[in-house]
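Chemist: The chain contents come next:
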Amino acid sequence: MTEQDYELLSAYLDDMLTLAEREMLESRLNSEPELRRELNALRQTVTLMRQLPVMKAPRNYMLTADMVGDVRRGSAASTVSTIPPKRIITFPSLSLISAMSTAAAVILIALGLIFVSMNGSDNADMSSASEAQVAAAPSQTLAMSPTLEIGFANTGELSTQERLTASARTADNFSSNDEAQDLDQEAESNAFDTAGAAVMAPNASPLQSATSSASVAGIVPAATQPLTIVSGENAATGLESSTSGAGGAAAEPNTNADVLEQDDAVEDVAPMVANQTAPLPEMLRTDQVQQQYFEEAQTESEQPLTMMQEAQTTLTDDGLFLTATELAQEVMKQMTETSMSSTQVAVAREGQNAPEDGVLGGADDRDGTGTLNDQSIEENGGGSEQSAAIILIIAGILAAGVAIITFIQARRGSA
Amino acid sequence: MAEDEAQLIRDAQAGDLEAFNALVLRYQDSVYSVTFRIMGDASSADDGTQEAFINAYRRLDTYRGGNFRAWLLRVATNTCYDILRYHKRRPATAVDDLPGGETDDGPPLPDNAQTPEEAFQQTELSNAIQECINALSDDQRVVIVMSDIEGYNYQDIADAIETQLGTVKSRLSRARSNMRKCLQAFQELLPAEYRLFNE
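Those protein sequences? They're chains P and S, same order as listed.
Residue numbers for the first sequence follow numbering that gives the first Met the number 0, beginning at 0 and rising by one.
Residue numbers for the second sequence follow numbering that gives the first Met the number 0, beginning at 0 and rising by one.
In short, the hints are calculated from the structure, not lab data.
Remember, predicted model here, so these are calculated numbers, not experimental data.
Take these hints with a grain of salt, some might be off.
Stretch by stretch, here's where chain P covers chain S in the computed footprint (C-beta under 8 Å, at least three residues) [said to hold, decoys possible]:
hint: 1; region: 19-25
hint: 2; region: 28-34
hint: 3; region: 38-48
hint: 4; region: 52-66
hint: 5; region: 147-154
hint: 6; region: 172-178
Example chain P residues on the side facing chain S (calculated, C-beta under 8 Å, incomplete) [as the list claims (entries may be wrong)]:
hint: 7; residue: Y5
hint: 8; residue: S9
hint: 9; residue: A40
hint: 10; residue: T44
hint: 11; residue: V45
hint: 12; residue: M48
hint: 13; residue: L51
hint: 14; residue: P52
hint: 15; residue: M54
hint: 16; residue: K55
hint: 17; residue: Y60
hint: 18; residue: M61
hint: 19; residue: L62
hint: 20; residue: A64
hint: 21; residue: V67
In the SDA-like style, the derived pairs of lysine to any residue whose C-alpha atoms are separated by at most 25 Å in a straight line are [to be verified]:
hint: 22; chain 1: P; residue 1: K55; chain 2: S; residue 2: S42
hint: 23; chain 1: S; residue 1: K87; chain 2: S; residue 2: L164
hint: 24; chain 1: P; residue 1: K55; chain 2: S; residue 2: E4
hint: 25; chain 1: P; residue 1: K55; chain 2: S; residue 2: R25
hint: 26; chain 1: P; residue 1: K55; chain 2: S; residue 2: N77
hint: 27; chain 1: S; residue 1: K180; chain 2: P; residue 2: Y11
hint: 28; chain 1: S; residue 1: K180; chain 2: S; residue 2: A127
hint: 29; chain 1: S; residue 1: K87; chain 2: S; residue 2: I160
hint: 30; chain 1: P; residue 1: K55; chain 2: S; residue 2: N133
hint: 31; chain 1: P; residue 1: K55; chain 2: S; residue 2: D46
hint: 32; chain 1: P; residue 1: K55; chain 2: S; residue 2: F67
hint: 33; chain 1: S; residue 1: K180; chain 2: S; residue 2: P190
hint: 34; chain 1: S; residue 1: K180; chain 2: S; residue 2: Q129
hint: 35; chain 1: S; residue 1: K180; chain 2: P; residue 2: M15
hint: 36; chain 1: S; residue 1: K87; chain 2: S; residue 2: G165
hint: 37; chain 1: S; residue 1: K180; chain 2: P; residue 2: P52
hint: 38; chain 1: P; residue 1: K55; chain 2: S; residue 2: D81
Note that CB positions come from ideal geometry on N, CA and C, so glycine has one too.
All chains should be modelled from the sequences, with the hints used to inform the complete structure.
Modeler: Rendered as structure tokens:
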């Protein structure tokens, strides 16, 4: 049996042969029993196939409006559409992203605003506290108070705003209140733009400090001769050196803060320093005085002080005006946050500007009553918090943008 | 009946979905049976049947009269043939969908009244025949189903699957030959009058 024989037999069953083909095949069937058996077998096969029962549908296949709509819209769809199409699940995923972005935006912006409000309250608290302390100071002393202002920066580049300047004015330089008032008025006319910490010591000599990329505050004792504060070359050196007065203040911020916050300690030490009558050396390293303060404070109090406490100013009975806590904080920030573009601490009185070049700061006695009526203590050292707040707000705005975009995409996807 | 069907067809062609669904209920067993024979398993037959009715609704404008059942089965056969060709290009048959798999519940029982023994024998025979049909190639399966189950002539088959008449003839010949050889293995299931394969 050949393939052609099977084809002839199959076509013979369906009566699809020509008359000539049929006659030829029928003659062969009469003479070839094998061909005849095959014909019978094929006929039985076809009969079995045709006797297969009609099957019952397992369910109804009525069309719905949605199915008809799909058909009408997809007129070009092929019959192979039974293959499940790739499902694009952009809508749920975009909705999730939008929701998460919205939540992130709210949280970030809220945190940023909280930071901003905290900074604002800190500044307000500092200002009010300083004002109260200054108001209690004897006017005469304040009028004659020398001012030491020390600024520092962490960029390593020196500028007029980043220089450490210190000044002290002795009572000798001010023979009368009028003279002092003149000086105050002069200082009032100048803008104070240098961050730093002010240390005012009555009866102190004018102080000058060497500029430094990162300077530290010194405590100026009472003196009758000009003093010069020599600060460290840099913040790290100054901070780590316990022998450097300002550096010591920053090197052990907790201890120094304790020193500066402990009124008792300051009050005990201040008279000792302020009431000095003996001439001081031409160049007095304030770290010596600072060291005395630290030692006194360590013996007086062992209470810990957190670094994040707000800046404090301490005003002694003799008019010693100390503001260094925030300085210590900022120095620590400078050590740990090298990326900070600008960290400055300015604690000063409004309109202070020493007559001497490079000397900034001083007491302000506008009304001539000897009372500091305006305490403009500006803390630029909160830049870290402000920067964080700005970053948070920007991130929140970006998240809000993502939320809006994804929301729009989700709406389009759902449509 | 004929006038009723003609009216339903006209209404369906005019967009009356209710009318078309009436036709669906009337012929869904036949369509499912054909799709099952071609597709080889219940799951594929279910999908193929639904798709066949969708295609039929879409192509109602191509119906020019005549035997609506034949036209509908032809659409169903074409649908199955397209599906088979699609899967042939992308073979991804699940194991459970293969004959004998867990989801293959086999051919449903015939709807005609039978004794349990007859029904069992008929089911066994139907399963054997279906197994042999499934063993054929897609081309041979479609041709033999259209010819020996649906009763189409060669030309109709050629038109349906868009091939030459001679091709249909040769495919059908090979399909019947293979079916004959396959059914020899199920001699015990065949009725006595059909046990002549080995003679």
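Chemist: Are any of the numbered hints broken by this structure? If so, which, sorted upward?
Modeler: none
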